[in-house]
Amino acid sequence: MKLSSLIAQSTAKLALCSETPRLDAEILLSHTLNKSREDILTHPEIKLDVNQIKTYKKLLVRRQTGEPIAYLVGYKFFYGLKFKVNRHTLIPRPETELMVEQALKSIVCDTDCQTKNTIVLDVGTGSGAIIISLFKQLTINNKKLRIDFFATDISDNALRIAKQNAKNNRIKSIAFLKSDLLNHRKIKRLFQQEKPLVILANLPYLSQKIYTSAPVSVRGFEPATALVSGQNGLNHYQKLLTQLSTFLQTKNRKRQVVLFCEISPEQKLLIIKKIKLYFPKAEIKFFKDLAGKWRLVKIKLFPL
Numbered sequence: 000m001k002l003s004s005l006i007a008q009s010t011a012k013l014a015l016c017s018e019t020p021r022l023d024a025e026i027l028l029s030h031t032l033n034k035s036r037e038d039i040l041t042h043p044e045i046k047l048d049v050n051q052i053k054t055y056k057k058l059l060v061r062r063q064t065g066e067p068i069a070y071l072v073g074y075k076f077f078y079g080l081k082f083k084v085n086r087h088t089l090i091p092r093p094e095t096e097l098m099v100e101q102a103l104k105s106i107v108c109d110t111d112c113q114t115k116n117t118i119v120l121d122v123g124t125g126s127g128a129i130i131i132s133l134f135k136q137l138t139i140n141n142k143k144l145r146i147d148f149f150a151t152d153i154s155d156n157a158l159r160i161a162k163q164n165a166k167n168n169r170i171k172s173i174a175f176l177k178s179d180l181l182n183h184r185k186i187k188r189l190f191q192q193e194k195p196l197v198i199l200a201n202l203p204y205l206s207q208k209i210y211t212s213a214p215v216s217v218r219g220f221e222p223a224t225a226l227v228s229g230q231n232g233l234n235h236y237q238k239l240l241t242q243l244s245t246f247l248q249t250k251n252r253k254r255q256v257v258l259f260c261e262i263s264p265e266q267k268l269l270i271i272k273k274i275k276l277y278f279p280k281a282e283i284k285f286f287k288d289l290a291g292k293w294r295l296v297k298i299k300l301f302p303l
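Residue numbers (numbering that gives the first Met the number 0): 0 to 303.
Possibly wrong hints are sitting among the right ones.
What the hints assert, rightly or not - Straight-line Cα separation of at most 25 Å, DMTMM-like style, residue types lysine to aspartate or glutamate; simulated pairs:
| id | residue 1 | residue 2 |
| --- | --- | --- |
| 1 | LYS81 | GLU94 |
| 2 | LYS115 | ASP147 |
| 3 | LYS287 | GLU96 |
| 4 | LYS187 | ASP38 |
| 5 | LYS208 | GLU221 |
| 6 | LYS284 | GLU94 |
| 7 | LYS238 | ASP155 |
| 8 | LYS275 | GLU265 |
| 9 | LYS135 | ASP288 |
| 10 | LYS143 | GLU100 |
| 11 | LYS81 | GLU221 |
| 12 | LYS53 | GLU25 |
| 13 | LYS53 | GLU66 |
| 14 | LYS287 | ASP109 |
| 15 | LYS81 | ASP109 |
| 16 | LYS143 | GLU94 |
| 17 | LYS162 | ASP111 |
| 18 | LYS56 | GLU25 |
| 19 | LYS299 | GLU221 |
| 20 | LYS143 | GLU96 |
| 21 | LYS208 | ASP155 |
| 22 | LYS143 | GLU193 |
| 23 | LYS12 | ASP38 |
| 24 | LYS81 | GLU25 |
To be verified - The following label-pair restraints were derived from C-beta to C-beta distances:
| id | residue 1 | residue 2 | range |
| --- | --- | --- | --- |
| 25 | SER172 | ALA11 | 47 to 53 Å |
| 26 | LEU276 | LEU40 | 53 to 59 Å |
| 27 | CYS16 | LEU144 | 44 to 50 Å |
| 28 | ARG86 | GLN207 | 18 to 24 Å |
| 29 | LYS280 | GLN113 | 23 to 29 Å |
| 30 | ILE153 | ASP111 | 26 to 32 Å |
| 31 | VAL215 | GLU265 | 31 to 37 Å |
| 32 | PRO279 | ARG218 | 23 to 29 Å |
| 33 | LYS1 | ARG159 | 23 to 29 Å |
| 34 | THR245 | ARG92 | 27 to 33 Å |
| 35 | GLU193 | ALA281 | 16 to 22 Å |
| 36 | VAL215 | LYS166 | 39 to 45 Å |
| 37 | GLN191 | ILE45 | 55 to 61 Å |
| 38 | GLN230 | LEU289 | 17 to 23 Å |
Simulated from the structure, these hints should not be mistaken for laboratory data.
C-beta atoms are modelled at their ideal positions from N, C-alpha and C, and glycine is treated no differently.
Whenever a hint applies, use it, and build me the whole structure from the sequences.
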């Protein structure tokens, strides 16, 4: 069978379960053949052997059940880098690149970060996509910055994937620690220092209602523990703010601490209330994603 005919047939089969059926078919086919999409599109004479056809058909069946492409092929691109993913990690989303962009601007343009050692901490790192992407940008383009990188996650399986992604991207200097948010002793010690601290948090933020109405590709395959956070979706962020309010009760009131949090658009007003409850003098700024939805909040935290 010609590749063009196979792609056309597969596209028709996937049309009911995917918004991008042809793209899905091409990605699965290139994965099966271990060739780029460009190769299979420019070389329609390529033929599949019996085993390849069986493998491809199995992938199609799995995709028809709603299983995400990233889990089928085992990776996802994020901020120009390739990240291994599996059912133990969330699939990195394009809107999360906004956190990397704004954190990068904050660090590079900050006078304190330019003159002092800076700490970057990724809480709930998952696949490690955020901190690895930020590490690459900061170390490649800003040789003079002195930064210590830390990442935490409560899941052993997620940490294994994050460490593998760091290795695959030739990074050795991120400390990955198993921790319930900030509870690890090494993380607590970071708050005793005077270095500028930038915290990245893409924690679970779906309400139970939104999760229930999420597409099957999310509900049926991605880990619920990395998605859902109580009735209003902010339980994890409230716990993080509680920990931060305890750790930042310090005499060092000039220390700069900046927190970035990804949220669901409808949570904007509610998270302002929670932030002000713990940090009344906090400076809060929101950013919209490419879809024009409020997605990221930047918080300058002042010690109590």
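Hints and how they fare:
1. LYS81 with GLU94: With Cα atoms ~16 Å apart, LYS81 and GLU94 stay inside 25 Å; holds.
2. LYS115 with ASP147: holds (11 Å)
3. LYS287 with GLU96: holds (12 Å)
4. LYS187 with ASP38: Not satisfied, since the Cα-Cα distance of roughly 50 Å exceeds 25 Å.
5. LYS208 with GLU221: The hint holds at about 17 Å.
6. LYS284 with GLU94: holds (17 Å)
7. LYS238 with ASP155: Holds: LYS238 and ASP155 sit about 20 Å apart, inside 25 Å.
8. LYS275 with GLU265: holds (18 Å)
9. LYS135 with ASP288: At roughly 22 Å apart (the allowed maximum being 25 Å), ASP288 and LYS135 satisfy the hint.
10. LYS143 with GLU100: holds (19 Å)
11. LYS81 with GLU221: holds (19 Å)
12. LYS53 with GLU25: Given pair LYS53, GLU25 holds - Cα atoms ~16 Å apart, limit 25 Å.
13. LYS53 with GLU66: holds (18 Å)
14. LYS287 with ASP109: Within the cut-off at roughly 22 Å; holds.
15. LYS81 with ASP109: At roughly 29 Å apart (the allowed maximum being 25 Å), ASP109 and LYS81 break the hint.
16. LYS143 with GLU94: At roughly 29 Å apart (the allowed maximum being 25 Å), GLU94 and LYS143 break the hint.
17. LYS162 with ASP111: violated (29 Å)
18. LYS56 with GLU25: Roughly 13 Å separates the two Cα atoms, so the pair holds.
19. LYS299 with GLU221: violated (32 Å)
20. LYS143 with GLU96: Status holds; Cα separation ~24 Å.
21. LYS208 with ASP155: Violated - the C-alpha atoms of ASP155 and LYS208 are around 28 Å apart, more than 25 Å.
22. LYS143 with GLU193: holds (19 Å)
23. LYS12 with ASP38: holds (23 Å)
24. LYS81 with GLU25: holds (18 Å)
25. SER172 with ALA11: 47 to 53 Å: With a Cβ separation near 49 Å, SER172 and ALA11 satisfy 47 to 53 Å, so the hint holds.
26. LEU276 with LEU40: 53 to 59 Å: holds (54 Å)
27. CYS16 with LEU144: 44 to 50 Å: About 45 Å separates the Cβ atoms of CYS16 and LEU144, which means 44 to 50 Å holds.
28. ARG86 with GLN207: 18 to 24 Å: holds (21 Å)
29. LYS280 with GLN113: 23 to 29 Å: holds (25 Å)
30. ILE153 with ASP111: 26 to 32 Å: holds (30 Å)
31. VAL215 with GLU265: 31 to 37 Å: violated (22 Å)
32. PRO279 with ARG218: 23 to 29 Å: violated (38 Å)
33. LYS1 with ARG159: 23 to 29 Å: Cβ of LYS1 to Cβ of ARG159: about 41 Å, so the range 23 to 29 Å is violated.
34. THR245 with ARG92: 27 to 33 Å: holds (31 Å)
35. GLU193 with ALA281: 16 to 22 Å: holds (20 Å)
36. VAL215 with LYS166: 39 to 45 Å: Since VAL215 and LYS166 have Cβ atoms about 33 Å apart, the given range 39 to 45 Å is violated.
37. GLN191 with ILE45: 55 to 61 Å: holds (60 Å)
38. GLN230 with LEU289: 17 to 23 Å: For LEU289 against GLN230, whose Cβ atoms are near 29 Å apart, the range 17 to 23 Å is violated.
This entry does not satisfy hints 4, 15, 16, 17, 19, 21, 31, 32, 33, 36, 38, going by the numbered hints stated previously.
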